[in-house]
Amino acid sequence: MKKKYLSLTTKKWFQILFWAVIVIAAWEIGATVVAMTKRTPENILPHLYQVLAAAISTKAVSGGMTATQVVFTSASATLLRALGGFAIGASLGFLLALLMKLSGVVEKLIFPYLMLIQLIPVLGLAPIILAITGDINRSRLVIAAILSFYPVAANTLAGFKSVAKEKYDLMYTYAAKKRQLYTKVLIPSAVPYLFTGLKIAAPMAITASILVDTLQGDGGLGCMLSQSLKHAMNIYVFWLIVFFSAFIGIFSTQLISLIEILVSPQKRSASWIGRIAGKEKIYGRDAEKNRTQKEPGAETL
Amino acid sequence: MNASAEVRNNVPDEIVIRDLGVTFQDNKGNDVQAITGVNLNIKKGEFVSLLGPSGCGKTTLLRCVADLQEPTDGDIHIEGMTPKEVRLQHKFGFVFQAPVLFDWRTVKKNVELPLEMMYQTKQQRSERADEMLEMVGLTNFANHYPNQLSGGMQQRVNIARALGIQPDILLMDEPFSALDEFTKEKLHEDLLQIWRKTNKTILFVTHNIQEAVFLSDRVCVLSPHPGRLSAIVDKDLPRPRTLEMKETPEFSQLVLKVRNSFEGGSFS
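Protein chains in written order, with our numbering: chain A, 62 to 362; chain S, 25 to 292.
Some hints could be false.
Claimed, not checked - Not close to chain S: a few residues of chain A, all C-beta gaps over 10 Å, as computed:
#1 F133
#2 K169
#3 L170
#4 A219
#5 Y233
#6 A237
#7 V246
#8 S250
#9 V252
#10 I296
#11 Q327
Claimed, not checked - If you anchor each label on the Cβ, the simulated ranges turn out as follows:
#12 A:L319 / S:M142: 30 to 40 Å
#13 A:Y233 / S:S174: 21 to 31 Å
#14 A:T71 / S:S174: 47 to 57 Å
#15 A:F308 / S:E94: 36 to 46 Å
#16 A:S223 / S:D154: 49 to 59 Å
#17 A:W80 / S:K52: 25 to 35 Å
#18 A:L170 / S:D55: 53 to 63 Å
#19 S:N65 / A:S164: 54 to 64 Å
#20 A:L153 / S:M142: 43 to 53 Å
#21 A:Q76 / S:P264: 50 to 60 Å
#22 A:L316 / S:K52: 52 to 62 Å
What the hints assert, rightly or not - In silico negatives: residues of chain A with every beta carbon more than 12 Å from chain S:
#23 T101
#24 G124
#25 M232
#26 L242
#27 Q288
#28 K291
#29 R329
Calculated from the structure, these hints are not laboratory results. These numbers come from a predicted model, not from an experiment. Ideal placement from N, C-alpha and C gives every residue a C-beta, glycine not left out.
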């Protein structure tokens, strides 16, 4: 009987349920306390059912739109730019990593100073970018690109460097051309590292775009967030955006994990989604092995 | 002079190593002699072991033959060519200690990799890979990924890949040293069978005396500080060899003979 409960704790669905229950319970206890002691409890910690009610309410809160409509309209403005910036930043990051691998000079000259960009707080960088580009949409794009760039470049470079000396030796004995070394060994080896970088970069790009929104008053999640917080709009819009952003942040990372499984044949066979996509046979021992397989180390600041 | 040695005398030399020396510089800038004054002729189709403790330069010697290491003295000729020419013509296969497989390629695609470098067609590659996997007994695992295989199976793929380019020479750098005893013995038998079937020249680096005695025609004993060839033990164990042979007094005598030929104290 005891054993049965123990094995339950290793199940993923159980772990998720476990944490969901704890978070919801803590939230509700907090909300109850806040409701008893504060004058405007909804500004500090509303009950979850109040947030839910606001989400499904048909009452217009701004310009004839309901709270949910406000969230989705502003989300599209913010997230499309975040996605665009993420794509540009990630591509440039990958290309630079490749360039740094190809040339030691480029690496020594650029890499240590690239980190400096990451050290400038976005809060300080954003107004400057806005002043230069003169357009909030372009600023979102640029900021998202800047923030996505570094984790992707650093992780991909780490991936290139992770290739063991024996693999170079092996390719050398095959008289492989440099191009073959890159396309057949180095780039495929760096793919798991690239995805680690993308998983770090995606929520950062989203957060940055939301932050840029707050600089100007023409829409976007961040803009609505601050307006709602300043009581220019229903406070529940604020809470809905908080929940929505958290969801999107987590979702973006999960989505990238999913894409990684779909493009990595060796991971496909170990995952249920891959088994559906690839129709590959699953063997007990490889599922076991893949679970314990080490994720490449995340290269962040 | 035994029968097999007499037969070998009529066979031309495949690898000729003359006065070979390799000198490294350590991080203090001092010259360190990895190997010095190595002379060795290897016949076509011969199975030769390079045996010695770590630091004796046996791997360095093998890497020189594979053109992975530039000798500082002397030279190597393989079928009258330099190691570099031989490498560019894909005439040797190299089997590393680690399997060095590529995670994202299936077992079969791993075996096909060197053939891609030789610009073979898809069909040629596929046929060759199937043939090689059958030889090492992994036909049923062709579409598996390396992380689904045991260490012994991974090393079989490594060997299949090296044989796939149809090299004249197989260079093996302690290929079985990371495997457990049971797997190792099975692979010894399999390697001898493959050798008999394909008639390759094999240069096999090991630090295991029994392994060297069991597998090879000749054991080249290397001693360290500086790395040098200190003895060549010719053997007359009959072929084909079986695992039972390891229990015979002849086998034990050969092991003892090899062990006694180390210079500078006991082999530990």
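Now the hints, each set against the structure:
Every CB of chain S is more than 10 Å from the CB of F133 (chain A) (nearest about 39 Å), matching its label as outside the interface. For K169 (chain A), the requirement that its beta carbon stay farther than 10 Å from each beta carbon of chain S is met, with the minimum near 21 Å. For L170 (chain A), the requirement that its beta carbon stay farther than 10 Å from each beta carbon of chain S is met, with the minimum near 26 Å. Distance check for A219 (chain A) against chain S: the nearest CB is about 16 Å away, which clears 10 Å, and the non-interface claim stands.
A cut-off of 10 Å between C-beta atoms contradicts the statement that Y233 (chain A) is not in contact with chain S; the least separation is 6 Å. Not every beta carbon of chain S lies more than 10 Å from that of A237 (chain A), the smallest distance being close to 5 Å; the non-interface claim is violated. Not every beta carbon of chain S lies more than 10 Å from that of V246 (chain A), the smallest distance being close to 7 Å; the non-interface claim is violated. The claim that S250 (chain A) lies off the interface is violated: its Cβ sits roughly 8 Å from the closest Cβ of chain S, which falls inside the 10 Å cut-off.
A beta-carbon of chain S is positioned within 10 Å of the beta-carbon of V252 (chain A); the least distance is around 7 Å. No Cβ of chain S approaches the Cβ of I296 (chain A) within 10 Å, the least distance being about 50 Å, so the stated non-interface status holds. At roughly 4 Å from the closest C-beta of chain S, the C-beta of Q327 (chain A) falls inside 10 Å, breaking its exclusion from the interface. Take L319 (chain A) and M142 (chain S): their Cβ atoms lie about 37 Å apart, and the range 30 to 40 Å holds.
The supplied range of 21 to 31 Å is met by Y233 (chain A) and S174 (chain S), whose beta-carbon atoms lie about 28 Å from each other. The hinted range of 47 to 57 Å is not satisfied by T71 (chain A) and S174 (chain S), whose Cβ atoms lie roughly 25 Å apart. Under the hint 36 to 46 Å, the C-beta atoms of F308 (chain A) and E94 (chain S), about 59 Å apart, miss the expected range. Roughly 32 Å separates the CB atoms of S223 (chain A) and D154 (chain S), a value that falls outside the hinted 49 to 59 Å.
Taking the beta carbon of each, W80 (chain A) and K52 (chain S) are about 56 Å apart, not inside 25 to 35 Å as hinted. Against the hinted window of 53 to 63 Å, the Cβ-Cβ separation of L170 (chain A) and D55 (chain S) comes to about 34 Å, which falls outside the hint. Checked against the given bound of 54 to 64 Å, the beta carbons of N65 (chain S) and S164 (chain A), roughly 44 Å apart, lie outside it. The beta-carbon spacing between L153 (chain A) and M142 (chain S), approximately 36 Å, falls outside the hinted interval of 43 to 53 Å.
Between Q76 (chain A) and P264 (chain S) the Cβ separation comes to about 57 Å, which falls inside the hinted range of 50 to 60 Å. Restraint check, L316 (chain A) to K52 (chain S): a C-beta distance of roughly 53 Å satisfies the suggested window 52 to 62 Å. Distance check on T101 (chain A): its Cβ is at least 56 Å (rounded) from any Cβ of chain S, clearing the 12 Å threshold; non-interface status holds. With a cut of 12 Å on Cβ distances, G124 (chain A) stays outside the contact zone with chain S, its closest approach being about 51 Å.
A beta-carbon of chain S is positioned within 12 Å of the beta-carbon of M232 (chain A); the least distance is around 8 Å. At roughly 10 Å, the least C-beta separation between L242 (chain A) and chain S is not larger than 12 Å, which violates its mark as non-interface. For Q288 (chain A), the non-interface assignment is confirmed: its Cβ lies about 49 Å from the closest Cβ of chain S, beyond the 12 Å cut-off. Consistency note on K291 (chain A): stated as away from chain S, and its beta-carbon is indeed over 12 Å from all of that chain's, at 52 Å minimum.
The beta carbon of R329 (chain A) is not kept farther than 12 Å from every beta carbon of chain S, the shortest such distance being approximately 9 Å.
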